[in-house]
Amino acid sequence: RLRRVQPALTRHFGTHIEEWRHRLLHYTVPRTVGEVPRAEPLAAVVVQQLHDGVRRLEKSLRRAEAARTQKALHEARIAFKRVRALLVPWLSDVPDAQPLFDALTAAQDTLGDMRDAHLLAEDAKHAVERDPSSAPVLLPLVEHFEALSGAARSAFEDEWFVNDGAAALTRVPDIARAFSAAALVDTEIELKFLLSEVPQRASAQPGVRIAQGWLPGERLRERLRRSVYPDGHVEWTRTVKVGTGIARIELEEPAEPMLFETLWPLTAAARVDKVRHTVADGAFVWQVDVFLDRDLVLAEVELPSVETLVTLPEWLAPHVVRDVTGESAYVNANLARERSLNGSAR
Numbered sequence: 014r015l016r017r018v019q020p021a022l023t024r025h026f027g028t029h030i031e032e033w034r035h036r037l038l039h040y041t042v043p044r045t046v047g048e049v050p051r052a053e054p055l056a057a058v059v060v061q062q063l064h065d066g067v068r069r070l071e072k073s074l075r076r077a078e079a080a081r082t083q084k085a086l087h088e089a090r091i092a093f094k095r096v097r098a099l100l101v102p103w104l105s106d107v108p109d110a111q112p113l114f115d116a117l118t119a120a121q122d123t124l125g126d127m128r129d130a131h132l133l134a135e136d137a138k139h140a141v142e143r144d145p146s147s148a149p150v151l152l153p154l155v156e157h158f159e160a161l162s163g164a165a166r167s168a169f170e171d172e173w174f175v176n177d178g179a180a181a182l183t184r185v186p187d188i189a190r191a192f193s194a195a196a197l198v199d200t201e202i203e204l205k206f207l208l209s210e211v212p213q214r215a216s217a218q219p220g221v222r223i224a225q226g227w228l229p230g231e232r233l234r235e236r237l238r239r240s241v242y243p244d245g246h247v248e249w250t251r252t253v254k255v256g257t258g259i260a261r262i263e264l265e266e267p268a269e270p271m272l273f274e275t276l277w278p279l280t281a282a283a284r285v286d287k288v289r290h291t292v293a294d295g296a297f298v299w300q301v302d303v304f305l306d307r308d309l310v311l312a313e314v315e316l317p318s319v320e321t322l323v324t325l326p327e328w329l330a331p332h333v334v335r336d337v338t339g340e341s342a343y344v345n346a347n348l349a350r351e352r353s354l355n356g357s358a359r
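My numbering numbers the first residue of the sequence shown as 14 and each following residue consecutively.
I should point out that these hints are in silico values taken from the structure, not numbers from a laboratory. Watch out, some of these pointers could steer you wrong.
Claimed, not checked - Here are the simulated distance ranges between beta carbons:
#  : residue 1 : residue 2 : range
1  : Arg143    : Gln62     : 14 to 24 Å
2  : Asp106    : Asp129    : 27 to 37 Å
3  : Arg214    : His39     : 27 to 37 Å
4  : Ala293    : Arg335    : 20 to 30 Å
5  : Arg335    : Ala180    : 30 to 40 Å
6  : Glu327    : Arg68     : 12 to 22 Å
7  : Ala168    : Asp106    : 50 to 60 Å
8  : Pro267    : Gly27     : 55 to 65 Å
9  : Trp33     : Glu269    : 48 to 58 Å
10 : Trp33     : Asp136    : 48 to 58 Å
11 : Asp129    : Asp187    : 51 to 61 Å
To be verified - Derived PhoX-like pairs: lysine-lysine, alpha-carbon spacing no greater than 25 Å straight-line:
#  : residue 1 : residue 2
12 : Lys254    : Lys205
13 : Lys84     : Lys94
14 : Lys84     : Lys72
15 : Lys138    : Lys205
16 : Lys72     : Lys94
In this text, a Cβ means the ideal position worked out from N, Cα and C, and glycines have one as well.
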């Protein structure tokens, strides 16, 4: 049978092969005159695709819950399949993705069983219509397949519509941050905003007490940071940043406490002291820094790419004075130096 249909398949797909080859080998990238071209990391592209896929999946689930039709549920299955396919290559690198992948797989399989059984029942019905004499054999099969389809459908609806299986999608921000970490190896892409005061949602989050100091230097300045968490846990790090604006090179590694204490006195002329409150909001994590050595509140958000669009969340927008991304006056190293020049280094 395959030998009979193969020539027809070859003719059909042969007319598209050149078009597909051209589309695979050629693409366009939008650029703005005057901007330095940047190659977007693969992980950043995956993050954006993940967000887009989850939004489509959520829409499909809402339609399926409202309609409860075979067509709507099949469309939801395709949406599950697409998001699941995005995660497959990265499961070993992003462990946080495994629970979501398992939930998507279970939903896709259940909806697949429902659809397969439904189609088999429909095929059996059509066969009976064409040959009524087959009814004694095929009608019991119709009942069997319809029962299987109904059972799979009920299992899916119980899990996702009754027991809120969609809560599995709340894992997406954590997964996106894990992908973003891969995309941002040695690169920091962030926006920074000057605030008039500390937003209530931020102040409600436990703060991390951060002391930062910079070793002497002009072109190369190394930052030491001590972070004390609410549970008493302490971390020490060494960081070098290069560049200005929205995207900068950032090299960071943990520091041994003894090394930190040895070098810390050398930062006496350039330090800042602040409390950082972290607020997760959708796919983004906002950090609100309340400075203890001056009257200043800043908010920062890291991005997966320079092209990512960010809308200020409702809890933050009323407190934003302006966007200060790229303004040298609000770079922490310059704030520390300014404090030193004013004779108030601590």
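Structure-based check of all given hints:
For Arg143 and Gln62, the hinted distance range of 14 to 24 Å is not satisfied, since their beta carbons lie about 45 Å from each other. Checked against the given bound of 27 to 37 Å, the beta carbons of Asp106 and Asp129, roughly 33 Å apart, stay inside it. For Arg214 and His39, the hinted distance range of 27 to 37 Å is not satisfied, since their beta carbons lie about 47 Å from each other. Here the CB-CB span from Ala293 to Arg335 is close to 24 Å, well matched to the stated 20 to 30 Å.
Range check, Arg335 to Ala180: Cβ separation about 37 Å, and the 30 to 40 Å hint holds. A C-beta distance of roughly 19 Å is found between Glu327 and Arg68, which places it inside the suggested range of 12 to 22 Å. Hint check: Ala168 to Asp106, Cβ distance near 32 Å, so the stated range 50 to 60 Å is violated. Between Pro267 and Gly27 the C-beta distance comes to about 58 Å, which sits within the given range of 55 to 65 Å.
Taking the beta carbon of each, Trp33 and Glu269 are about 55 Å apart, inside 48 to 58 Å as hinted. Look at Trp33 against Asp136: about 32 Å separates their beta carbons, and that is not inside 48 to 58 Å. Look at Asp129 against Asp187: about 33 Å separates their beta carbons, and that is not inside 51 to 61 Å. Simply put, Lys254 and Lys205 have alpha-carbon atoms about 16 Å apart, close enough for the 25 Å limit, and the pair holds.
With a C-alpha separation of about 15 Å, the suggested pairing of Lys84 with Lys94 holds against the 25 Å cut-off. The suggested pairing of Lys84 with Lys72 holds, with an alpha-carbon distance near 14 Å, which does not exceed 25 Å. With a CA separation close to 64 Å, the supplied pair Lys138 and Lys205 exceeds the 25 Å bound. Only pairs whose Cα atoms come within 25 Å are accepted, and Lys72 paired with Lys94 is accepted, the gap being roughly 14 Å.
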